[in-house]
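Q: From first to last, the protein sequence lines stand for chains A and B. Each residue of the first sequence is one higher than the last, beginning at 2 in our numbering. Each residue of the second sequence is one higher than the last, beginning at 2 in our numbering.
Source of the hints: derived by calculation from the structure; they are not laboratory data. A couple of the hints might just be wrong.
Treat identical chains as interchangeable: a pair holds within one or across any two.
Subject to a maximum C-alpha distance of 20 Å in a straight line, what follows is the list of computed EDC-like cross-link-like pairs (lysine to aspartate or glutamate) [stated by the list, open to error]:
no., residue 1, residue 2
1, K309, E343
2, K393, E412
3, K313, E343
4, K393, E129
5, K309, E55
6, K318, E343
7, K313, D297
8, K98, E129
9, K89, E48
10, K379, D62
11, K202, D75
12, K393, E156
13, K213, E156
14, K117, E189
15, K59, E48
2 protein chains.
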Amino acid sequence: MIAEIICVGTEILLGNIVNTNAAYLSEQLALLGITCYFQTVVGDNRERLLETLEIAAKRSDLILLSGGLGPTQDDLTKETVAEFCSKKLVEDKASRKHIEAYFAERGMKPSENNWKQALVPEGARVMENHNGTAPGIIVEKGDNQFFLLPGPPEELKLMFEESVAPYLRSISPFVILSQTVRTCGLSESFVEQQLVDLIDKQTNPTIATYAKLGEVHVRVTARAESQKEATKLIKPMVKELKARFGNSIYTADEGVSLEKSLADLLRSANMTLSCAESCTGGLIAATLVGVPGISDLFKAGFVTYSNKAKRKLLGVKKGTLQKYGAVSSQTAEEMVRGLLAETKTDVGIAATGIAGPDGGTKEKPVGLVYVSCNVKGKITVKECHLKGTREKIRRAAVTEALMLARSCVLEQLSKEILK
Amino acid sequence: MIAEIICVGTEILLGNIVNTNAAYLSEQLALLGITCYFQTVVGDNRERLLETLEIAAKRSDLILLSGGLGPTQDDLTKETVAEFCSKKLVEDKASRKHIEAYFAERGMKPSENNWKQALVPEGARVMENHNGTAPGIIVEKGDNQFFLLPGPPEELKLMFEESVAPYLRSISPFVILSQTVRTCGLSESFVEQQLVDLIDKQTNPTIATYAKLGEVHVRVTARAESQKEATKLIKPMVKELKARFGNSIYTADEGVSLEKSLADLLRSANMTLSCAESCTGGLIAATLVGVPGISDLFKAGFVTYSNKAKRKLLGVKKGTLQKYGAVSSQTAEEMVRGLLAETKTDVGIAATGIAGPDGGTKEKPVGLVYVSCNVKGKITVKECHLKGTREKIRRAAVTEALMLARSCVLEQLSKEILK
Numbered sequence: 002m003i004a005e006i007i008c009v010g011t012e013i014l015l016g017n018i019v020n021t022n023a024a025y026l027s028e029q030l031a032l033l034g035i036t037c038y039f040q041t042v043v044g045d046n047r048e049r050l051l052e053t054l055e056i057a058a059k060r061s062d063l064i065l066l067s068g069g070l071g072p073t074q075d076d077l078t079k080e081t082v083a084e085f086c087s088k089k090l091v092e093d094k095a096s097r098k099h100i101e102a103y104f105a106e107r108g109m110k111p112s113e114n115n116w117k118q119a120l121v122p123e124g125a126r127v128m129e130n131h132n133g134t135a136p137g138i139i140v141e142k143g144d145n146q147f148f149l150l151p152g153p154p155e156e157l158k159l160m161f162e163e164s165v166a167p168y169l170r171s172i173s174p175f176v177i178l179s180q181t182v183r184t185c186g187l188s189e190s191f192v193e194q195q196l197v198d199l200i201d202k203q204t205n206p207t208i209a210t211y212a213k214l215g216e217v218h219v220r221v222t223a224r225a226e227s228q229k230e231a232t233k234l235i236k237p238m239v240k241e242l243k244a245r246f247g248n249s250i251y252t253a254d255e256g257v258s259l260e261k262s263l264a265d266l267l268r269s270a271n272m273t274l275s276c277a278e279s280c281t282g283g284l285i286a287a288t289l290v291g292v293p294g295i296s297d298l299f300k301a302g303f304v305t306y307s308n309k310a311k312r313k314l315l316g317v318k319k320g321t322l323q324k325y326g327a328v329s330s331q332t333a334e335e336m337v338r339g340l341l342a343e344t345k346t347d348v349g350i351a352a353t354g355i356a357g358p359d360g361g362t363k364e365k366p367v368g369l370v371y372v373s374c375n376v377k378g379k380i381t382v383k384e385c386h387l388k389g390t391r392e393k394i395r396r397a398a399v400t401e402a403l404m405l406a407r408s409c410v411l412e413q414l415s416k417e418i419l420k
Numbered sequence: 002m003i004a005e006i007i008c009v010g011t012e013i014l015l016g017n018i019v020n021t022n023a024a025y026l027s028e029q030l031a032l033l034g035i036t037c038y039f040q041t042v043v044g045d046n047r048e049r050l051l052e053t054l055e056i057a058a059k060r061s062d063l064i065l066l067s068g069g070l071g072p073t074q075d076d077l078t079k080e081t082v083a084e085f086c087s088k089k090l091v092e093d094k095a096s097r098k099h100i101e102a103y104f105a106e107r108g109m110k111p112s113e114n115n116w117k118q119a120l121v122p123e124g125a126r127v128m129e130n131h132n133g134t135a136p137g138i139i140v141e142k143g144d145n146q147f148f149l150l151p152g153p154p155e156e157l158k159l160m161f162e163e164s165v166a167p168y169l170r171s172i173s174p175f176v177i178l179s180q181t182v183r184t185c186g187l188s189e190s191f192v193e194q195q196l197v198d199l200i201d202k203q204t205n206p207t208i209a210t211y212a213k214l215g216e217v218h219v220r221v222t223a224r225a226e227s228q229k230e231a232t233k234l235i236k237p238m239v240k241e242l243k244a245r246f247g248n249s250i251y252t253a254d255e256g257v258s259l260e261k262s263l264a265d266l267l268r269s270a271n272m273t274l275s276c277a278e279s280c281t282g283g284l285i286a287a288t289l290v291g292v293p294g295i296s297d298l299f300k301a302g303f304v305t306y307s308n309k310a311k312r313k314l315l316g317v318k319k320g321t322l323q324k325y326g327a328v329s330s331q332t333a334e335e336m337v338r339g340l341l342a343e344t345k346t347d348v349g350i351a352a353t354g355i356a357g358p359d360g361g362t363k364e365k366p367v368g369l370v371y372v373s374c375n376v377k378g379k380i381t382v383k384e385c386h387l388k389g390t391r392e393k394i395r396r397a398a399v400t401e402a403l404m405l406a407r408s409c410v411l412e413q414l415s416k417e418i419l420k
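Construct the entire structure; sequences and hints are all you get.
A: Take a look at the structure:
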C-alpha cells in the first residue's frame with residue numbers, strides 16, 4: 002500500500018507558510034507502516050490540481066490531500082477531486098448541522114459561502130471536523146482512495162488522529178507499533194553512542210533517535226501481525242533502554258511531555274509548585290498550564306520582567322541586583338527564595354537570563370541564563386549557555402528549568418525515602 | 002518563466018524534518034517575480050527522481066533541486082540529474098581545491114568519498130559553497146535549467162543569496178512586490194465579503210486573504226517592470242483596504258505581529274503594561290515578552306492560577322469569588338483593578354476562563370473566557386466563547402486580550418486627543 006501526499010495552497014508555493022502538514026502526515030504514515038514516496042505542493046488551481054491527481058493516481062494507492070476545503074472561492078480541492086473521480090457534490094446533512102451548530106455556539110450566523118463546506122462527493126465517507134467547519138472526506142476512484150483533509154494544522158491533526166489513522170489501521174495488513182522513551186539532559190550524539198551496538202544489529206524492532214530542544218527521544222518500532230506480537234517485540238528493548246539511561250528517562254509513555262511528567266511527579270509527592278520568570282516572560286507558567294488538571298498543584302507565577310518587580314514581588318535585594326546584576330546566579334537564587342516565601346508552595350522554579358537579540362555583553366552574552374529551583378528550602382542554581390534566536394533561547398530556558406525542577410524533586414524524594 | 006522545486010531526501014518523506022528549504026526557495030522565487038507552480042519531495046532513489054525530473058522538465062523552465070549532494074552513497078541527485086541531461090561527470094578543479102582547503106582549515110583529512118563532491122556534469126556552471134563542501138551546479142538540457150543546491154539550509158540559503166538570486170535576476174524580466182494588511186477581530190468570510198468586488202475585478206495587483214487565529218491578513222501583490230512601478234500599483238489598493246477596515250487593521254507593515262503592534266502603540270503613547278492571567282497561565286506575558294525590546298514598557302505579570310493567588314496578589318474579593326466564581330466578569334474586572342493598584346502601570350490586561358478539557362459546566366462551558374483591560378482606571382470586560390482544544394482556547398484568549406487592550410488604548414488615546 003503506497004501513499005502520497007498532496008498539499009494544496011498557493012500560500013505554500015509563495016513561501017508564506019512552511020509545510021508542516023506534509024511533515025506531520027509523512028510521520029504518521031511512517032508510524033502506520035505505510036510507505037510514502039512523494040509529497041507534492043500545488044496551488045489553488047483546477048488544471049494543475051487535476052494534473053497532479055492524474056500523476057498521483059498512477060503511482061500510489063492512497064492519496065492524502067490537505068488544504069483548499071475552506072468556504073472561499075479560492076478553495077477548490079473538493080470540487081476538483083470530485084470532478085477527477087466523476088462524482089457529483091451533494092449536501093451532507095450532518096455537516097450542514099455541524100456548521101449551523103458551530104456558528105450558533107459562537108453567536109454568529111454562517112454566511113452564504115459557508116454552506117459550500119457541507120457539500121461532499123456522492124458516496125464519500127465523511128469525517129467530522131472537531132476543530133473547524135470543513136468536514137474531511139474519503140472518496141474512491143477505482144483502486145485509488147483520496148483523503149481530503151483541512152489545511153489548518155490543528156484541524157488536520159485532530160481529524161487524522163480521530164478518523165484517518167483508525168481507518169488506515171483497519172485496511173492495513175500488519176500492525177506497526179512504536180514506543181518512545183524520552184530522555185532529557187543528554188546530547189543526541191551521547192545517546193547514539195550508547196546505542197550503537199543495538200542500532201548496528203537492529204532488524205525488528207528498530208530504534209531511532211530524535212533530538213528536540215534539550216531532549217532526545219528514542220523510538221522503538223516493531224512490525225508484526227498483531228498488536229500483541231508487536232508489544233512483545235518492543236518490551237525487552239524498552240527495558241534495555243531503561244537500564245542504559247535510568248533517571249535521564251522522564252517517560253516511556255506516549256504523549257507525556259516533560260512538563261506533564263514533572264506535574265505527575267509532584268502530584269505523586271503531594272507537592273505544590275510556583276514559578277518566577279524574567280527572560281522566559283511567562284513561558285514556564287504557560288508551559289505548565291498547558292497540562293490539563295495542573296490547577297491542583299500549580300498555584301501562582303510571577304513575571305518579574307523589571308528589576309522593580311523582582312524586588313517588590315520576590316524580595317530580591319537591591320544590593321544583589323546592583324552588585325551581581327539581574328542575570329546572575331545570586332539573583333536566580335533570591336528569586337526562588339522569595340518565591341517560596343510569597344507563595345508557600347513546596348517547589349519553586351525561576352529563570353533569569355539574556356534572550357537577545359540585544360542586551361548581551363562580553364561577560365554576559367546573549368544566551369546566558371540562570372535557572373534555579375527551591376524544594377522546601379533547598380536551592381539549586383544552574384548556569385546555562387543557550388544558542389539560537391530569542392524564541393529558541395527562551396524555549397530552551399524553559400526546558401532547562403523544568404529539567405532542573407525534575408532532578409531536584411527526585412533528589413529530595415530519594416532523601417526522604419532514605420531517612 | 003516558470004519554476005518548480007524538487008527537494009530530495011528520504012528523511013523528508015519520513016516526516017523526520019520539516020521542509021523549510023521549499024518554503025525558503027518559494028519565497029525567494031516569489032520575491033524575484035518568478036512563478037512557482039509545484040513543489041515535489043522525492044526520496045534518495047534514482048528511478049523516482051528520474052520520473053520526477055521527467056514530469057518537471059515538461060511543465061517548468063527552471064527546476065531547483067535541493068539535497069542529495071553529500072558525500073555518501075545515498076546521495077545521488079547529481080548523478081541522476083547528469084544522467085537525465087546526458088552529461089558525463091568530470092572533476093571541477095576549483096571544487097577539489099575548495100574541499101581540500103575546507104578540511105585543512107579544520108585540521109581534518111577528507112576521506113575518499115569526499116572527492117565525489119568535486120565531480121560536476123560536463124559544461125555545468127559551478128557555484129561555490131561558502132558554508133560546506135558540496136558545490137552548487139546549474140546544468141541545462143534543451144530549454145530547461147536545473148539548479149542543484151545543497152540540502153543543509155544554511156548552505157542552501159547562502160548559495161541562493163550569493164549565486165542563484167543574482168543569476169535569476171539577470172534572466173528575469175520583472176519584479177513582484179507584495180504588502181500584507183493585518184486585521185484582527187473580523188472573520189475571514191466577513192473580510193472576503195467586504196472585498197468581493199475587488200477580488201472579482203482583480204488583475205494587477207491581486208489580493209488574497211489568509212486566516213490566522215483571530216486574525217485575517219489581506220495580501221496585495223503586484224507585478225511590474227520595476228520596484229517603483231510595483232509600489233505604485235500596491236499603494237492605492239492598501240489605501241482602499243485601510244478605508245474599508247479602518248481600526249480593525251492593526252498593521253500594514255511587514256513582519257509586525259499583534260503583540261508588536263500593541264507594544265508600538267503603547268510606546269508611542271508612553272504607557273506601561275502589566276498582565277494578570279488565570280486560564281492563559283502566562284501565555285499573555287510570554288507572547289508579549291516575545292517582542293524584542295518590550296522590557297521598556299512591560300513591567301510585570303501575575304499568573305494567579307488559584308483563587309488564593311487571585312485574592313492575595315490581585316486583591317480579588319473573597320465575596321466576588323464566592324458569589325460569581327473565578328470565571329466571571331466581576332472577577333475579571335477585579336483582577337485588572339488590583340493589577341494596576343499593585344504594579345502602578347498605565348495599562349493592565351487580564352484573562353480568566355475555562356480552557357478545558359475538564360472544568361466546564363452547563364452555565365460555564367469550556368471555552369468561556371473573560372478578558373479585561375484597565376487603562377488608567379477605565380475598565381472594560383469582554384465575554385468570549387472560544388472553541389477547540391485547551392491549547393487553541395488559550396491561544397485564542399491571548400489574541401482576545403491583546404485585541405481588547407489595543408481597542409481600549411486606542412479609545413483612551415482618541416479621548417485624550419479630543420480633550
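Q: It remains to establish, for every hint, whether it holds in the given structure.
A: Going down the list of hints, with the structure as the test:
Taking the shortest Cα distances, K309 and E343 sit within 20 Å of each other both inside one copy (16 Å) and across copies (12 Å). With identical chains, the CA atoms of K393 and E412 are never at most 20 Å apart, being 28 Å at best within one copy and 35 Å at best between copies. With identical chains, the CA atoms of K313 and E343 are at most 20 Å apart both within one copy (11 Å) and between copies (10 Å). For a Cα distance limit of 20 Å, the shortest separation of K393 from E129 across copies, 18 Å, qualifies, whereas the shortest one inside one copy, 35 Å, does not.
When the C-alpha separation of K309 and E55 is checked against a cutoff of 20 Å, the pair qualifies neither within a copy, at 65 Å, nor between copies, at 63 Å. Within a single copy, K318 and E343 get their C-alpha atoms as close as 15 Å, and across copies as close as 19 Å, so both meet the 20 Å cut-off. Taking the shortest alpha-carbon separations for K313 and D297, only the inter-copy value of 17 Å comes in at or below 20 Å, while the best intra-copy value is 27 Å. Taking the shortest alpha-carbon separations for K98 and E129, only the intra-copy value of 11 Å comes in at or below 20 Å, while the best inter-copy value is 59 Å.
Proximity of K89 to E48 under the C-alpha cut-off of 20 Å is restricted to the intra-copy arrangement: shortest distance 18 Å within a copy versus 37 Å between copies. In the homo-oligomer, the alpha carbons of K379 and D62 never lie at most 20 Å apart, since the shortest distance is 60 Å inside one protomer and 62 Å across protomers. In this homomeric assembly, K202 and D75 come within 20 Å of each other (Cα to Cα) only across copies, at 14 Å, whereas the closest approach inside a single copy is 50 Å. Taking the shortest alpha-carbon separations for K393 and E156, only the inter-copy value of 11 Å comes in at or below 20 Å, while the best intra-copy value is 26 Å.
In this homomeric assembly, K213 and E156 come within 20 Å of each other (Cα to Cα) only across copies, at 13 Å, whereas the closest approach inside a single copy is 24 Å. With identical chains, the CA atoms of K117 and E189 are at most 20 Å apart between copies only, with a shortest distance of 15 Å across copies and 48 Å within one. Taking the shortest Cα distances, K59 and E48 sit within 20 Å of each other both inside one copy (17 Å) and across copies (15 Å).
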